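Colleague: For the protein sequence lines, the chains are A and B, in the order given. Each residue of the first sequence is one higher than the last, beginning at 1 in the working numbering. Each residue of the second sequence is one higher than the last, beginning at 279 in the working numbering.
I should point out that these hints are in silico values taken from the structure, not numbers from a laboratory. These numbers were taken from a predicted model, which means no experiment stands behind them. Among the hints, erroneous ones may be present.
Covered stretches of chain B (chain A as the covering partner; in silico rule of three or more C-beta atoms under 8 angstroms from a C-beta of chain A) [what the hints assert, rightly or not]:
| no. | segment |
| --- | --- |
| 1 | 353-363 |
| 2 | 386-394 |
| 3 | 397-407 |
| 4 | 463-473 |
From the derived model, a few chain A residues whose C-beta atoms are all more than 12 angstroms from chain B [said to hold, decoys possible]:
| no. | residue |
| --- | --- |
| 5 | Arg56 |
| 6 | Phe124 |
| 7 | Ile262 |
Yeah, the Cβ is synthetic: ideal placement off N, Cα and C, and Gly gets one too.
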Amino acid sequence: MIIRPVTTHRIAVAALWTVTVLTIAVLLFIIAFILAQGAPHLSVEFFTSSPRSMGREGGVLPMIVGTLFVTGLAVAIAAPVGIGTAVYLTEYTRESRLTALIRFGADCLAGIPSIIFGLFGSVFFVITLGMGLSVLSGALTLAIMVLPTIIRTSEEAIRAVPRVYRDVSYGLGGTRWQMVTRVVLRSALPGIATGVVLSIGRSISETAALMLTAGSALGMPRSLLDSARTLSVHFYILSREGLSMPKAYASASVLIVAVLLINLLAYWSMRRFVAKVT
Amino acid sequence: MPDDADNQVRKESERLMAELPHPAPEPGQPKAAAESFCAVFDDRRVLKDIDLSIYPRERLAIIGPAASGKTTFLRCLNRLNDLEGNFSHSGRILLDGRDIYDKGMDVSILRRRLGMVYAVPTPLPWSIYDNIAFGPRISGQRSRSRLNEVVESSLVSAILWDEVKDRLREPATNLSGGQQQRLCLARVLALDPEVLLLDEPCSGLDPISTAKIEDALAELKRRYSIVLVTNNTKQAARASDRTAFFLMGEVVEVGTTAQVFTNPQHQRTIDYITGHFG
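Using the sequences plus the hints, can you model the full thing?
Modeller: Have a look at this one:
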């Protein structure tokens, strides 16, 4: 039997449409489910107070602060290191065994389960370096964890910058550093920013590695060496220990909305920046 | 008081001479000269014993079939080939009597002195203004008013000012191909170079855009030495004072354009300009 081209086209459109709708439907269902369970328990007090009786009562202000601290610090460490590595790999070396090895190492690092990073962090940062269960230990562990993502996405973005841009910059007497900072990074910025946003998302949602490194103290973190419980860890403990499912869903709602807001903010500021420089 | 007036005239002329951007070389001295210059990529000799002089205030056309070494020669003049890892050379290229491959030669300054326009228009993905101001900016020019002057005068010299003066903040990529190529010319002129290197600048342009570039060159040769690599023998005949014919990495013939086109000395030159090969 021969199927006519028009028929195959219709089948393909129907199939593609179905999988797209399915994907979006699953995503919307998860968000709607969490919000439906959590939103009724949200209140101003939930955002502005500390948890009481192990989290059965009260709010999540210390967790919001802890999440911001740990994630912000992790990305603040990982972004410069990762982007710097990507620049070095693409602009300052020729392809060699060493660059292949660095790239291979980064890829392996990306595939390691987060709990392994947590184990490493708890042995190295928490115990050996004596940082204890703290914001700093957690942030450093997360920084190592998201480093491969930032390196590889930045590398791809830098490689996508047309070669002639480099010739133009050199031809006008630019040094390599001027070429990198004023031409290449400027053009690669949207791609690099995507990698950083992905890393923020991964850091915010990380649970296992943080339990072993940042700990799960309920109090407000007041310094980098204080233990901090992030929202995702809080959610895990509330649900795992069966302390309070309503509070767990409320925390999850805050987390989901925060991730959405961060993504929107990142894309919005990126679009503005790109519009400004082009 | 005739003496005073004389003195004033002398002082004024001395001041003007001192302000001239580059001391004019002695008459008859070449601005730039290749002496037994060979360029080698890996083991392939792409340029073989090139002896070729470029004089002040002349347009030298370099013609020849594809892969004859024209572009390589141009890229040797401002040392862009240095960026290829497998490049090596022998012989000398003198600029005002000094070997540009000397150890003490500052490559950034050298490339500013020899401005390059590429075969394909290469606007950077920024505004028209930022494209022109890029060269002066990376060489340290910060003054807003000075940059404004340079942008205007460069665009005027490249015969583009009237078309873009009201939209300097618009993306350069919105310009037509011919306008983009004149933008690239203006970008080079903004650095106040001494030699203009043009690599088939009109290969992708329509006849009117080509004529505009040729008009600009005719005007610019009052101030600069111009090397025009072209695949178009008619353009060489129209828009140059002297012509060199390259074949397989060697200079077959060089002479005044009139002589090369009306009375060529070599059979291979005759074959090429009459269209028997190439």
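Colleague: Against this structure, judge whether each hint is valid.
Modeller: Status of each hint after checking the structure:
1. 353-363: holds (count 4)
2. 386-394: With 7 residues close enough to chain A, the hint holds.
3. 397-407: It holds, with 6 qualifying residues against the three required.
4. 463-473: holds (count 3)
5. Arg56: 55 angstroms, holds
6. Phe124: 39 angstroms, holds
7. Ile262: Non-interface label stands for isoleucine 262 of chain A: nearest chain B Cβ at 27 angstroms, farther than 12 angstroms.
The structure shown violates none of the earlier numbered hints.
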